[in-house]
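Between the sequences and the hints, there should be enough to build the whole structure, so can you do that?
Sequence lines, in order, name chains P and E.
In case it helps, the working numbering puts the first sequence at residues 1043 to 1419.
In case it helps, the working numbering puts the second sequence at residues 603 to 857.
These are computed hints drawn from the structure, not numbers from a lab.
Just so we're clear, the structure is a prediction, and the values are computed from it rather than from any experiment.
Fair warning: there could be bad hints in the mix.
If the Cβ cut is set under 7 Å, some of the chain E residues that face chain P in the computed set are [what the hints assert, rightly or not]:
{"no.": "1", "residue": "Leu717"}
{"no.": "2", "residue": "Thr726"}
{"no.": "3", "residue": "Gly727"}
{"no.": "4", "residue": "Ala740"}
{"no.": "5", "residue": "Gly741"}
{"no.": "6", "residue": "Asp764"}
Covered by chain E, per the in silico footprint, the following chain P stretches (three or more residues, Cβ under 8 Å) [stated by the list, open to error]:
{"no.": "7", "segment": "1335-1348"}
{"no.": "8", "segment": "1397-1403"}
{"no.": "9", "segment": "1410-1419"}
The following residues of chain P were derived to be distant from chain E, with all beta-carbon distances above 12 Å [to be verified]:
{"no.": "10", "residue": "Gly1064"}
{"no.": "11", "residue": "Ala1241"}
{"no.": "12", "residue": "Val1388"}
For each residue, glycine too, the CB sits at the ideal point set by N, CA and C.
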Amino acid sequence: MTTPAEAVRAASEGDRFVVALGGRWRIDQADRLDRRLRGLAPGAAKRVLIDLDNVEALDTAGAWVVYRTVKRLREEGYAVEFTRARPEHKALLDLVESNDWPVECRPPREPPVRAFVAHVGSATLDIIAETGMLIGFLGATTITLFRSLLMPWRVRWTALVNHMEQVGLNAVPIVGLISFLVGAVLAYQGAEQLRRFGAEIFVVNLVGVSVLREMGILLTAIIVAGRSGSAFTAAIGSMKVREEIDAMRTLGLDPMELLVMPRLIALVLTLPLLAFFADVTGLLGGGLVAWMALGIGPAQFIERLGEAVPIWSFWVGIIKAPVFAFVIAVIGCYEGFRVEGSAESVGRMTTRAVVEAIFLVIVIDALFSVLFAFLEI
Amino acid sequence: MTASEPAIRVRGLTTRFGDQVVHDNLDLEVRRGEVLGVVGGSGTGKSVLLRTIIGLNRPASGSIEVLGHDVAGLGGAERRSLEERWGVLFQDGALFSSLTVAQNVQVPLREHTDLSREVIDELTGVKIGMVGLPAEAAGKYPSELSGGMRKRAGLARALALDPEIVFLDEPTSGLDPIGAAAFDQLIRRLQRTLGLTVFMVTHDLDSLGAICDRIAVLVDGRVLIVGPMETMLRETHPWVHDYFHGPRARAAYGA
Ligand SMILES: Nc1ncnc2c1ncn2[C@@H]1O[C@H](COP(=O)(O)OP(=O)(O)OP(=O)(O)O)[C@@H](O)[C@H]1O
Ligand SMILES: [Mg+2]
Chain P
1043 MTTPAEAVRA ASEGDRFVVA LGGRWRIDQA DRLDRRLRGL APGAAKRVLI
1093 DLDNVEALDT AGAWVVYRTV KRLREEGYAV EFTRARPEHK ALLDLVESND
1143 WPVECRPPRE PPVRAFVAHV GSATLDIIAE TGMLIGFLGA TTITLFRSLL
1193 MPWRVRWTAL VNHMEQVGLN AVPIVGLISF LVGAVLAYQG AEQLRRFGAE
1243 IFVVNLVGVS VLREMGILLT AIIVAGRSGS AFTAAIGSMK VREEIDAMRT
1293 LGLDPMELLV MPRLIALVLT LPLLAFFADV TGLLGGGLVA WMALGIGPAQ
1343 FIERLGEAVP IWSFWVGIIK APVFAFVIAV IGCYEGFRVE GSAESVGRMT
1393 TRAVVEAIFL VIVIDALFSV LFAFLEI
Chain E
603 MTASEPAIRV RGLTTRFGDQ VVHDNLDLEV RRGEVLGVVG GSGTGKSVLL
653 RTIIGLNRPA SGSIEVLGHD VAGLGGAERR SLEERWGVLF QDGALFSSLT
703 VAQNVQVPLR EHTDLSREVI DELTGVKIGM VGLPAEAAGK YPSELSGGMR
753 KRAGLARALA LDPEIVFLDE PTSGLDPIGA AAFDQLIRRL QRTLGLTVFM
803 VTHDLDSLGA ICDRIAVLVD GRVLIVGPME TMLRETHPWV HDYFHGPRAR
853 AAYGA
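In structure tokens form, the structure reads like this:
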């Protein structure tokens, strides 16, 4: 390997300053060579000769390092010439010279304060525009939904069943496990508190009401938002990136009908079933703990449940399921359609879909509570 | 390593996807400093061959040597240093969608060299200019480019490290004829000045005639013949004959 000293030898010869380059001028050495060339100062000489006779290998990075030095020297007022360059080396130097175009390599940075203000402004406008678009999407979904109900033969039954399996059946284990555990924890913690008043039997009321009214459906909706809402966004988003949605439109296929409806209907049909299943496993978990920790046997548990918990508690929970399903599916699909360009955008929108869906589910749940309080249910 | 040793040597390569045999005991050598064009019908396994050579696809059997190294047997650091010596242009560009064109070109420069930022930025401009992209394209994201521009940007990234071998998968498809001719000239020029070895899958008869030193024809999972254009024109195998004597071929070089 040539040392930097051998690679660049500079000497004054009268009014000429001769720079003899030697060795390998390739990308792996380019940084060292560049630093060596930066130190080059021809001093009093007016003409600079660059002698390439001993250069063994040259690539574009090496040629660029040489050329940028030549450029600098020319700007400093020297007349620079190459000498004894092999034709292929000269060709390479010409190639980089003819492509000496400064390009913008990173997006321009704004001053932080301005960037902050601009960000707040554009985020506000985005929220407004987005709300409008979401309402538009909601409208389009509703219209398509009614059309599908009036013309059931246009519903894609195969896709529907497939989605029902994915969002419903395949979610059964996780929904069951989580609500079983939550039911058990609820009963256990309740038992601890109620035992102090000798009111252990009220554990049944506690578990019954909270699982049936709130916990069962809320947990199910949150799990499904994380599981299926994200899947909807990712699937539709990837199709958008690869122009599959555009292709559908040009083939006269309606993406709302093909992609949104099967997902929406599948979720609206299966979420109540999942919520019912969550109710059952939640009660099972609570009942098991009540039995083991408090000695309330299954027969007593069921009897007490029947007395203490009105059937309305169950319906209050289940009624919310289709609404939550609708929200999760619409948000999931909507964010999918908003994916633009890059794979990164798919990830961003997926995160958004999940966060928005869970947020809306909880807000709507709160509104339901207010409504039911009014109705005194 | 001697100069006469081939840049790429494929021996007895068999590739399968499930039951489908794509390559059946295929042999191929690419000499140093040559431009090899690989042709074959759609779906004959040209892209798969390219992917297998660069180690993205595991062959069922056979050996592949690139620059004297057995690709399958390399691990970690050795493999990375071999990867620095080749550049790949995928069939659809395969740019990183979250980075601008300039940033895409800079990825290998930053990762594998210790060049200063200043020089990296300047070199990026040179590479972008070399492949014929306008300077404005540098700040754009791949989704904002046309198909042909994505190809060029992909080539700029493939050439970033001044590799010894470039693998090109249909580099001129999607380019206008003037752009395609410029592309051919660029490849030719780089091959002459840098001693570049080029493995090029192409259907472009003009490229085949203009810049390929040799052409390899893939038929039925094997390399049927390898040779310069003259050999192809004399070949009597029906597919090869139709390929090089079809109406498009006649239009391209009056064969
Ligand atoms: N990941 C994969 N899984 C299964 N089969 C594959 C896979 N990739 C390629 N194939 C099959 O291997 C065969 C060769 O594909 P390849 O992409 O190499 O074709 P090609 O010669 O490059 O065609 P074209 O000229 O259209 O690009 C095809 O039949 C394809 O279906
Ligand atoms: Mg291909």
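Verification of the hints:
1. Leu717: With a closest approach of 5 Å, the Leu717(E) hint holds.
2. Thr726: For Thr726(E), the interface hint holds, since the closest Cβ of chain P sits about 6 Å away, which is under 7 Å.
3. Gly727: holds, 4 Å
4. Ala740: At 4 Å from the nearest chain P Cβ, Ala740(E) passes the 7 Å test, so the hint holds.
5. Gly741: Where the cut-off is 7 Å and the nearest Cβ of chain P is about 5 Å from Gly741(E), the hint holds.
6. Asp764: holds, 4 Å
7. 1335-1348: Violated: only 0 residues of the segment 1335-1348 of chain P have a Cβ under 8 Å from chain E.
8. 1397-1403: violated (count 0)
9. 1410-1419: Since three or more residues must qualify, the claim that chain E covers the segment 1410-1419 of chain P is violated, with 0 doing so at under 8 Å.
10. Gly1064: holds, 19 Å
11. Ala1241: Answer for Ala1241(P): holds, closest chain E Cβ roughly 59 Å.
12. Val1388: About 10 Å separates Val1388(P) from the closest Cβ of chain E, which leaves it inside 12 Å; violated.
Taken one by one, the earlier hints fail for this structure at numbers 7, 8, 9, 12, listed in ascending order.
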